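**Student:** Listed here are the chains, written in short residue letters.
Number of protein chains: 2
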Amino acid sequence: MASGAGPEIERLMALLSKLPGLGPRSARRAALALLKKREQLLLPLTSAMQDAADRVTSCHICGALSTQDPCATCADPARDRTMICVVEEDSALWAMERVGAFKGRYHVLGGLLSALDGVRPEDLRLTGLMQRVLDGEVEELIMALPATVEGQTTAHYIADRVRQIAQGVQVTYLARGVPVGGELDWLDDGTIAHAFKSRR
Amino acid sequence: MASGAGPEIERLMALLSKLPGLGPRSARRAALALLKKREQLLLPLTSAMQDAADRVTSCHICGALSTQDPCATCADPARDRTMICVVEEDSALWAMERVGAFKGRYHVLGGLLSALDGVRPEDLRLTGLMQRVLDGEVEELIMALPATVEGQTTAHYIADRVRQIAQGVQVTYLARGVPVGGELDWLDDGTIAHAFKSRR
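Protein chains in written order, with UniProt numbering: chain A, 1 to 200; chain B, 1 to 200.
In case anyone wonders, no lab produced these hints; they're calculated from the structure.
A couple of the hints might just be wrong.
If chains are identical, the list can't say which one is meant, so a pair holds when it fits in one copy or spans any two.
What the hints assert, rightly or not - No farther apart than 25 angstroms at their CA atoms in a straight line, the calculated lysine to aspartate or glutamate pairs in the DMTMM-like style are these:
(1) Lys36 x Glu137
(2) Lys18 x Glu39
(3) Lys37 x Asp117
(4) Lys37 x Glu97
(5) Lys36 x Glu122
(6) Lys197 x Glu89
(7) Lys36 x Glu97
(8) Lys36 x Glu89
(9) Lys197 x Asp185
(10) Lys103 x Glu89
(11) Lys18 x Asp54
Bear in mind that the values here come from a model prediction, so they are computed numbers and not experimental data.
If we strip away everything but chain A, and leave its shape as in the complex, we get (with noise of 0.2 angstroms):
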């Protein structure tokens, strides 16, 4: 990226198209607006990410991103003890907590298992999952894990293994089917067999 933009301005767009969702030309337009919009957007985003690389650490009980230790869900008594909704990443207890339907708590796994990239049991944070079973508090647990091979993987995993170490914990699943507003024309084949055999 030899711009004639200098050295620092060069370093601040190659660390920004290592961004999610940026690549090369957006690195540009988005170092560009960096630097334009000194007051209202550098400085803020500056110390916002120093904030967070100050503070910001994982809970040691559930895994999730939190500025306090244990977090906010796991510290809060009002949320229901009984239920651990089993997520693959913080975006995805992100979401959950926006629709705000779940009242109980979570645990961040970190990543599924995978074969193809060598994800291994050890390499999730199954250990604590486990021992926050057979505490025995437990009597849900809730398996909001994508609907992809290495999610439904995991999920049969995280069941096998509970079942063996506590039986009286009930392992179940986000139900699949169709999306509020989807149309049936655009859906997948898969969907639309599993929503027809989960009629109610």
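On the provided structure of chain A, position chain B as indicated by the hints.
**Tutor:** Below, chain B alone, put in the same frame as chain A:
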């Protein structure tokens, strides 16, 4: 964006979503990538932004963003002082420098005349440009402005003013025509008509 991620992470996501090309969803993905890649991404990007905030300024001659004043291009004795390439923004300057075909100097207007957006001549970096023209070294002014109504209005306005103060200065425009690799079938009619009229 109530996600339960805590105010620091919410603020980071809100500021990231103000970058061009990032909406709320991609800002969440970017925030998550930053927080998960603390050492490789969050810390280097924070320091690059801090560097940029501390050191990047505008060249007092051409208006380009730079860490030195005058900028590297204006200070370079090897660059042709008889040609000035007039661009809207630094991004256009960077694009010209990537191409490497131009060995003169630049002038960054910082915008385009626009009745709709209320951008008047005094809002652009025009006084400095006229001063450079009056200084007598300049022989050619190359209008590398967008092929839009605003771009062309601005180019004509500048050409008019230059004609009034310095008859000897030639004003040229980037050629219009079929882009390299362009299929006629995909081009708009205006471009094809232009390319036909300007055939050589």
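**Student:** Are the hints correct? Go through all of them and say.
**Tutor:** Hint by hint, here is what the structure shows:
1. In this homomeric assembly, Lys36 and Glu137 never come within 25 angstroms of each other (Cα to Cα): the closest approach is 54 angstroms inside a single copy and 30 angstroms across copies.
2. Taking the shortest alpha-carbon separations for Lys18 and Glu39, both the intra-copy value of 24 angstroms and the inter-copy value of 13 angstroms come in at or below 25 angstroms.
3. With identical chains, the CA atoms of Lys37 and Asp117 are at most 25 angstroms apart between copies only, with a shortest distance of 18 angstroms across copies and 40 angstroms within one.
4. Within a single copy, Lys37 and Glu97 get their C-alpha atoms only as close as 32 angstroms, which misses the 25 angstroms cut-off; across copies the closest is 23 angstroms, which meets it.
5. Only between protomers do Lys36 and Glu122 lie at most 25 angstroms apart by alpha-carbon distance; the minimum there is 18 angstroms, versus 46 angstroms within a single protomer.
6. For the homomeric pair Lys197 and Glu89, neither the shortest alpha-carbon distance inside one copy (29 angstroms) nor that between copies (58 angstroms) is at most 25 angstroms.
7. Proximity of Lys36 to Glu97 under the C-alpha cut-off of 25 angstroms is restricted to the inter-copy arrangement: shortest distance 20 angstroms between copies versus 35 angstroms within a copy.
8. Taking the closest pair of Cα atoms, Lys36 and Glu89 come within 25 angstroms of each other only across two copies (10 angstroms); inside a single copy the shortest separation is 34 angstroms, beyond that limit.
9. Taking CA atoms no more than 25 angstroms apart as the test, Lys197 paired with Asp185 passes inside one copy only; the shortest distance there is 18 angstroms, against 47 angstroms between copies.
10. For a Cα distance limit of 25 angstroms, the shortest separation of Lys103 from Glu89 inside one copy, 18 angstroms, qualifies, whereas the shortest one across copies, 50 angstroms, does not.
11. When the C-alpha separation of Lys18 and Asp54 is checked against a cutoff of 25 angstroms, the pair qualifies both within a copy, at 21 angstroms, and between copies, at 22 angstroms.
Violated hints, in rising order: 1 and 6; the structure is consistent with all others.
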